[in-house]
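Based on these hints, arrange chain B on the given structure of chain A.
Protein chains in written order, with this note's numbering: chain A, 1 to 265; chain B, 1 to 277.
Don't read these hints as lab results, they were simulated from the structure. Quick reminder that beta carbons are idealized off the backbone N, C-alpha and C, glycines included. Be a bit skeptical, because a hint or two may be false.
[Said to hold, decoys possible] The list that follows gives simulated cross-link-like pairs (lysine-lysine, DSSO-like), each with its CA atoms no further than 30 Å apart:
#, chain 1, residue 1, chain 2, residue 2
1, B, K74, A, K40
2, B, K65, B, K91
3, A, K40, B, K197
4, B, K76, B, K65
5, B, K91, B, K121
6, B, K76, B, K197
7, B, K23, B, K121
8, B, K23, A, K40
9, B, K76, B, K121
10, B, K76, B, K23
11, B, K91, B, K74
12, B, K65, B, K23
13, B, K91, A, K40
14, B, K76, A, K40
15, B, K197, B, K121
[Unchecked claim] Chain A residues, not near chain B, derived (Cβ > 12 Å throughout):
#, residue
16, V128
17, A139
18, F145
Spelled out, the chains give:
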Amino acid sequence: MELASQIGGSVTDGLSYIGSLASLGGRAARDIFIGPFHGKPLRLRRAVSQAMDVGVRALPILSLITFFIGLILALQSAYELRRFGAVNYVAATVAISMTRELGPLITAIVVIGRSGSSFAAEIGTMRVSEEIDALETMAISPVDFLVAPKLIAMIVMLPCLTIWANAMGILGGSVFGVWQAGFTFVRYVQVSVDALILRDITTGLIKSVMFGATITAVGCLEGLSTGAGAEQVGRSTTAAVVKSIFLVVLEDLVFTALFFFVGTP
Amino acid sequence: MERDDPVSLSVEPMISVRDLHVKYGATEILHGVSFDVRRGETLVIMGGSGSGKSTLVRTLIGLEKPSSGHVLIKGKDVAAIGEAELDEVRKRIGMSFQGGALFGSMTVGENVGLPLREHTKLEDSTIEIMVRLKLEQVGLEGFEYYMPSQLSGGMRKRAAVARALAMDPEILFFDEPSAGLDPIIAAGIDQLILELKRAFHMTILVVTHELASAFLIADRIVLIDRGNIVAIGTIAEMQSSTQPRVRQFLDRVPETETAKESDYLRALTEERKLGRA
Chain A
1 MELASQIGGS VTDGLSYIGS LASLGGRAAR DIFIGPFHGK PLRLRRAVSQ
51 AMDVGVRALP ILSLITFFIG LILALQSAYE LRRFGAVNYV AATVAISMTR
101 ELGPLITAIV VIGRSGSSFA AEIGTMRVSE EIDALETMAI SPVDFLVAPK
151 LIAMIVMLPC LTIWANAMGI LGGSVFGVWQ AGFTFVRYVQ VSVDALILRD
201 ITTGLIKSVM FGATITAVGC LEGLSTGAGA EQVGRSTTAA VVKSIFLVVL
251 EDLVFTALFF FVGTP
Chain B
1 MERDDPVSLS VEPMISVRDL HVKYGATEIL HGVSFDVRRG ETLVIMGGSG
51 SGKSTLVRTL IGLEKPSSGH VLIKGKDVAA IGEAELDEVR KRIGMSFQGG
101 ALFGSMTVGE NVGLPLREHT KLEDSTIEIM VRLKLEQVGL EGFEYYMPSQ
151 LSGGMRKRAA VARALAMDPE ILFFDEPSAG LDPIIAAGID QLILELKRAF
201 HMTILVVTHE LASAFLIADR IVLIDRGNIV AIGTIAEMQS STQPRVRQFL
251 DRVPETETAK ESDYLRALTE ERKLGRA
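The following block holds chain A by itself, in its conformation from the complex (with noise of 0.2 Å):
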């Protein structure tokens, strides 16, 4: 009896975290889609400096990750693909894991540790130190102040991030193809191209743009609900890290398992 109330209180917690958070994205959207019908202009400036950091800066660590991701995945699909002596399939294999499924969740992961930690970490800071509160006593919404301006960054240069991140997960793979299946650099990578369906990039982008917004919505609504003091502020960059993980791979799942159901021709 005790055991199921408490699984019966997890799952009501956990459905109202979810509330929350949609509740949060949904007002942050209002303003991004509707305000400026309403003579509220975006706070595009905001956002692009946000975009800068989110996108921008990001590209040095992403790159790196992604291109190691990269050659991993091609030394470990050759180890098997050896024993059937198909060792130039790595190009194709490579290819259509980085666009279809490494490249959106690596790239979500990195911007979570930089962006999503950091979007908590700040708006915690305000709020410890009362700029939340000042805001509202000034009549400016947070949401439309703070929120809005990174989920425009976000849901813009996740996707981008994205592209970037499966190109150079290929270019990984193609150091080992060069340098161990007979490949030329140019004949990887025509190869990997035409492994490729337009599909494979649409599912990942698609994927990498509700990342993107679940991301900003729980660095936000962790930051929003910092409590007082400022040891507060780093138990919501811990929560923003771990939740916004498990979320976005529970999202990879479902999008996985929806694109697999729904789109198989």
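Then chain B, alone, in the frame of chain A:
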């Protein structure tokens, strides 16, 4: 002048608080508080730590929702009106927070100009001039390009006052204006409040526990203790009061510590029980 006319003072209070109860979770912080703030007066809310004075001012500006009772600012009930109407009320008030609450990612000038940029359609050059004027009013001319982190505590508070003044508010709130400042800087802030009152006839509401500061700036004082109003009156009325709680506060008599721990524990367990229920 009309606002100095005693009849109009009594007719239309700027803020009127009626039977205000505020709860955090299961614990009630304010137990039915009622008072008026008259147009053009400086009202100081005094009380010890944990007396509920900060909660009171947060409720007045709509940051906390009362569990019952009314807060009327210029006749509008801030707890009952919708978001849009509350924003209209908020554009007419200014608030200086305890730590200043300046936005760390913006310069002092951008901080002060933010409400103007958000709520008016003024040109950037006009806003720049207004920002310079507001900073001049608080004695910070020439600091618009500094970051808040480059200012001292007293200057940061002055900058926060400049931001609160940006929209030319009718009511100005101060939460602990002298907290964390040395006596000389704190006296400077008191002086600033007096100047604002003299120059603009603003209605000013100050929350503080500093006796000296309260006696310097107040027209009337509200003494609040454990969520209840103990006394309301002018400085002279306060000083001549014979109420034990008022005397204890004014004469700075320490609380007797006997039986405190058991009280504390009981309060704690009661809170737990209420929290569970």
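Results of checking the hints against the structure:
Of the pairs offered as hints, the one joining K74 (chain B) and K40 (chain A) holds, with about 27 Å between alpha carbons and a cut-off of 30 Å not exceeded. For the proposed pair K65 (chain B) and K91 (chain B), the alpha carbon gap of about 19 Å is at most 30 Å, so the pair holds. Annotation: proposed proximity of K40 (chain A) to K197 (chain B) is violated, straight-line Cα distance about 35 Å (limit 30 Å). For the hint pairing K76 (chain B) with K65 (chain B), the CA-to-CA distance comes to about 15 Å; that is within 30 Å, so the pair holds.
Between K91 (chain B) and K121 (chain B) the CA atoms are separated by roughly 14 Å; this keeps the pair inside 30 Å, and the hint holds. Only pairs whose Cα atoms come within 30 Å are accepted, and K76 (chain B) paired with K197 (chain B) is accepted, the gap being roughly 24 Å. The suggested pairing of K23 (chain B) with K121 (chain B) is violated, with an alpha-carbon distance near 39 Å, which exceeds 30 Å. Among the hinted pairs, K23 (chain B) with K40 (chain A) is inconsistent with the structure: their alpha-carbon atoms are about 35 Å apart, more than 30 Å.
Note on K76 (chain B) and K121 (chain B): the hinted pairing holds, with a Cα-Cα distance of about 26 Å set against a maximum of 30 Å. A hinted pair counts as satisfied when its Cα atoms are at most 30 Å apart, and K76 (chain B) with K23 (chain B) qualifies at roughly 22 Å. With a CA separation close to 13 Å, the supplied pair K91 (chain B) and K74 (chain B) stays within the 30 Å bound. Annotation: proposed proximity of K65 (chain B) to K23 (chain B) holds, straight-line Cα distance about 9 Å (limit 30 Å).
Proposed proximity of K91 (chain B) and K40 (chain A) is supported: the alpha carbons are some 17 Å apart, at most 30 Å. A threshold of 30 Å between alpha carbons decides the hint, and for K76 (chain B) with K40 (chain A) the separation of about 25 Å falls inside it, so the pair holds. A threshold of 30 Å between alpha carbons decides the hint, and for K197 (chain B) with K121 (chain B) the separation of about 28 Å falls inside it, so the pair holds. Its beta-carbon lying about 9 Å from the closest one in chain B, V128 (chain A) breaks the requirement of being farther than 12 Å from that chain.
Some Cβ of chain B comes within 12 Å of the Cβ of A139 (chain A); the nearest lies about 4 Å off, and the non-interface call is violated. Listed as a non-interface residue, F145 (chain A) fails to keep its Cβ farther than 12 Å from every Cβ of chain B; the least gap is roughly 8 Å.
Comparing the model with each numbered hint stated earlier shows that hints 3, 7, 8, 16, 17 and 18 do not hold.
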